[in-house]
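Peer 1: Sequence:
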Amino acid sequence: MIEICNSFPYKIAYFALMNYPIYLDYNATTPCAPEVIEAMIPWFGEHFGNAASKSHGYGWVAENAVETAREQIANLIGAQAKEIIFTSGATEAINLAIKGTFDLYKGAKHHYITCQTEHKAVLDTMKAIEVNGAEVTYLPVDKHGNIDLELLKSNILPHTKMICLMWANNETGVIHPISEIAELAEENDIIFFTDAVQAAGKIPISVKGIHLMAISAHKLYGPKGIGALYIRHNHSLPKPMSQIHGGGHEKGFRSGTLNVPAIVGFGKAAEIRLSVMKEESNRLEKLRDILENKLLQIPNTSLNGGQNKLTHVSNIAFGGVEGEDLLRKVCQKVAVSSGSACTSISPKPSHVLQAMGLDSDLGRASIRFSLGRNTTEHDVLNAAEWVGKVMGELRGK
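For the sequence shown, position 253 matches number 253 in the UniProt record's numbering, and the numbering has no gaps at all.
Simulated from the structure, these hints should not be mistaken for laboratory data.
Do not take every clue at face value.
As the list claims (entries may be wrong) - Below, simulated EDC-like cross-link-like pairs (lysine to aspartate or glutamate); rule was C-alpha separation at most 16 Å, straight line: (1) Lys143 - Asp359; (2) Lys333 - Asp379; (3) Lys286 - Asp379; (4) Lys106 - Glu130; (5) Lys153 - Asp189.
Stated by the list, open to error - The following label-pair restraints were derived from C-beta to C-beta distances: (6) Ser255 - Gly388: 45 to 55 Å; (7) His235 - Thr68: 53 to 63 Å; (8) Pro204 - Leu149: 16 to 26 Å; (9) Gly357 - His235: 45 to 55 Å; (10) Glu187 - Thr68: 19 to 29 Å; (11) Val276 - Thr68: 15 to 25 Å; (12) Lys106 - Asn19: 34 to 44 Å.
A virtual CB, placed ideally from N, CA and C, is assigned to each residue, including glycine.
Model the full structure from these sequences, guided by the hints.
Peer 2: Structure (structure tokens):
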């Protein structure tokens, strides 16, 4: 059966016949909320106009829908609607922020500060500008995944142009002290860019003191393929240069026909999250704590990351087992991951956990559990029971 399922058509048939496992991988992606799907449907057919068509009603209706969504998303992060620039997702937003800033200073000496535990979308983009002449400092973290603010401060140089640090880590849920970082950037007249993909819609966030912020719809119950870059308006620090040209859409920052259905869905998802975020966060924290407590009762297990983290995330290290075997076995009944969805099942240990000092074997045998809107106490208890059973089998008990 495993060999047959390696062929794509057979995979489809196989999964059509099976029951999906318990889903505890909400940091990888979230299902579109029913209200989001309902809001999007008319924009695929009935209201199909191009938002850039300024001469007739089809375009006007589409443009109004886009501007409504822009305002809904701005409200979620405390921004102005005109500061929201739509992209194809957070990865593009990150590239626009970093490469767009690099292009501003091309030919001059410039320095960037980021962290070893950033998402690969940031790290790979930093490596790309480093190859082209930028100087980049990658800050270390402690065993809990926290940065040292004094170390950050000491690494600021006269030619530092950007501090780039994520709001909340996608693998451990660890939250960085964004307000303090923003103050430091402001004091030194440095652009502060934050990847807020895992934070937006999960915890209250604000753009105060932030110049650039990347967010994504599919992490907050919106559709895939749509994201946004917040670009601070009316500030002396410069804005990034466009990376996609051709038509001057989105105030010239990002050309291309707007994906109106996805933008409408993004706006609706942002509106919903703003209204339910606090209550949902409290609910998920209780479920997360139940799961965490159950899993940590298994011998030779430990928590990766500190206590200041997102309320729906838990990253657990399972000692004495082979990581790849553990993940494959657990995923038969519980959908989880070893870290970023971009790396999937990989024999390599997570770069985030490595930076936190975990040895390679324990890093490979660590699992991220992330809860969400549809998670129930029944799910959590069944998941913990299954993981305990898997651990017993793998340890030969």
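Peer 1: Against this structure, judge whether each hint is valid.
Peer 2: Here is what the structure says about each hint:
1. Lys143 - Asp359: OK: Lys143 and Asp359 at ~12 Å, within 16 Å.
2. Lys333 - Asp379: Judged against 16 Å, a Cα distance of about 11 Å means the pair holds.
3. Lys286 - Asp379: holds, 13 Å
4. Lys106 - Glu130: holds, 12 Å
5. Lys153 - Asp189: holds, 13 Å
6. Ser255 - Gly388: 45 to 55 Å: holds, 53 Å
7. His235 - Thr68: 53 to 63 Å: violated, 26 Å
8. Pro204 - Leu149: 16 to 26 Å: Holds, since Pro204 and Leu149 (Cβ atoms, about 21 Å apart) stay within the stated range.
9. Gly357 - His235: 45 to 55 Å: violated, 38 Å
10. Glu187 - Thr68: 19 to 29 Å: violated, 37 Å
11. Val276 - Thr68: 15 to 25 Å: Given a distance of about 19 Å, which is inside 15 to 25 Å, the answer is holds.
12. Lys106 - Asn19: 34 to 44 Å: Since Lys106 and Asn19 have Cβ atoms about 54 Å apart, the given range 34 to 44 Å is violated.
Violation of the numbered hints given earlier is confined to hints 7, 9, 10, 12; the remaining hints are satisfied by the structure.
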